[in-house]
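So the chains spell out like this:
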Amino acid sequence: MTRAHNVDALTALAGQLGSVAADTEWYLFGSMDREEEFSSDVDLLILCETAAKADALRATIDPDQLGRPIDLSLMTFDEEREIGAVALQAARKIYP
Amino acid sequence: MAGSVTDWVEAHVDDQSGYKVVGRTAEDFLKIDDGKGNTGTVAVIGAKPMVEAADVAPVLAMATKPDFIINVPSSSIWTGDAIALAQGVPAGFGTFGDLGKAVRKGDLTGYRNKEFAFFEDAIGQHTNVRQVSRPYESVFVAHRRRGDDLTIALIDAYNLSAEDVRNARKKIGAFDIALKMSSYGKVTDAARNAAESIGAEAMIFGDLMRRLAK
Numbered sequence: 000m001t002r003a004h005n006v007d008a009l010t011a012l013a014g015q016l017g018s019v020a021a022d023t024e025w026y027l028f029g030s031m032d033r034e035e036e037f038s039s040d041v042d043l044l045i046l047c048e049t050a051a052k053a054d055a056l057r058a059t060i061d062p063d064q065l066g067r068p069i070d071l072s073l074m075t076f077d078e079e080r081e082i083g084a085v086a087l088q089a090a091r092k093i094y095p
Numbered sequence: 000m001a002g003s004v005t006d007w008v009e010a011h012v013d014d015q016s017g018y019k020v021v022g023r024t025a026e027d028f029l030k031i032d033d034g035k036g037n038t039g040t041v042a043v044i045g046a047k048p049m050v051e052a053a054d055v056a057p058v059l060a061m062a063t064k065p066d067f068i069i070n071v072p073s074s075s076i077w078t079g080d081a082i083a084l085a086q087g088v089p090a091g092f093g094t095f096g097d098l099g100k101a102v103r104k105g106d107l108t109g110y111r112n113k114e115f116a117f118f119e120d121a122i123g124q125h126t127n128v129r130q131v132s133r134p135y136e137s138v139f140v141a142h143r144r145r146g147d148d149l150t151i152a153l154i155d156a157y158n159l160s161a162e163d164v165r166n167a168r169k170k171i172g173a174f175d176i177a178l179k180m181s182s183y184g185k186v187t188d189a190a191r192n193a194a195e196s197i198g199a200e201a202m203i204f205g206d207l208m209r210r211l212a213k
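Sequence lines, in order, name chains A and B.
In this text, residue positions in the first sequence follow numbering that gives the first Met the number 0: the first is 0, and each later residue adds one.
In this text, residue positions in the second sequence follow numbering that gives the first Met the number 0: the first is 0, and each later residue adds one.
If you are wondering where the hints come from, they were derived from the structure by calculation, not from laboratory data.
All C-beta atoms in this analysis are idealised placements derived from N, C-alpha and C, irrespective of residue type, glycine included.
Hints should not be assumed to be uniformly reliable.
Now the stretches of chain A that chain B is said to cover, found in silico as 3 or more residues with beta-carbon under 8 Å [as the list claims (entries may be wrong)]:
#, segment
1, 9-17
2, 31-39
3, 46-59
4, 82-93
Model the full structure from these sequences, guided by the hints.
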């Protein structure tokens with residue numbers, strides 16, 4: 000399963016989630032994002048406004064819905080600004 | 000997830016997996032081949048939210064033992080008893096993703112998450128720790144010579160967020176320490192606050208070694 004395939008699947012998922020995914024940003028990072036051979040999981044970072052939204056996303060997203068387990072990281076925009084997670088993880092935005 | 004969990008895993012093996020499914024055994028274990036002369040058998044179980052010894056025992060009671068056990072869903076937590084049963088055979092264990100890692104290491108039966116092994120060894124070798132127990136795959140209890148026992152939840156996150164702390168609490172219950180496993184990345188202030196709000200601490204490995212001493 001290629002990066003492009005996973006990006007398509009995840010952006011479709013974000014769209015299907017409706018209000019749960021509203022005002023969120025989704026990023027891929029790790030071996031799948033780097034298109035390394037034989038990546039074992041999909042590293043996904045989602046940024047959101049509130050703790051409640053993060054918890055709702057955790058409860059909603061099935062980590063086994065792609066061909067590899069989704070390794071999901073959730074944090075608020077405030078947390079991301081504090082530590083610069085996107086840059087630290089060399090993550091690339093896939094949604095919106 | 001229609002059909003059996005074994006069917007689900009077989010359907011998700013693709014040309015990026017690093018191995019192929021070449022058949023099934025009489026026990027319905029998957030027979031895999033990495034094309035480099037390495038073959039093995041894989042049992043798939045579907046326990047949730049915990050993988051208990053009772054979930055693992057049936058596949059280990061078969062005449063032919065599996066080399067590796069996958070649990071689906073990947074979010075389920077393996078208990079220490081289930082791990083001990085698998086390792087006693089020995090059989091490797093983990094998620095669908097872990098199977099790929101085990102194949103690439105060329106060691107299905109001995110596969111062990113190396114990060115967990117590092118922390119188990121490090122905690123156990125601390126001078127103030129007389130024994131380490133492992134109630135769950137990602138949870139160790141440090142039984143200390145001086146001071147109370149400390150329950151340590153290992154969190155496999157590049158950066159430790161407040162949600163990581165809340166999610167760990169929801170999945171495994173109370174703990175004293177949320178430990179960020181990666182030596183890279185950071186712990187957010189919100190993560191430290193989330194841990195404090197449940198009577199715990201969020202920290203990195205260096206902090207843990209100091210915390211075990213006091």
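Right, here's what the structure says about each hint:
Figure legend: the segment 9-17 of chain A, annotated as covered by chain B; annotation inconsistent (0 residues with Cβ-Cβ distances under 8 Å, at least 3 required). As drawn, the segment 31-39 of chain A meets chain B at 4 residues by the rule of a beta-carbon pair under 8 Å; at three or more, the given contact holds. Counting residues of the segment 46-59 of chain A whose C-beta lies closer than 8 Å to any C-beta of chain B gives 4; at least three are required, and the coverage claim holds. Given as covered by chain B, the segment 82-93 of chain A passes the check, having 4 residues with a CB less than 8 Å from a CB of that chain where 3 are the minimum.
The earlier numbered hint that this structure contradicts is number 1, and it is the only one.
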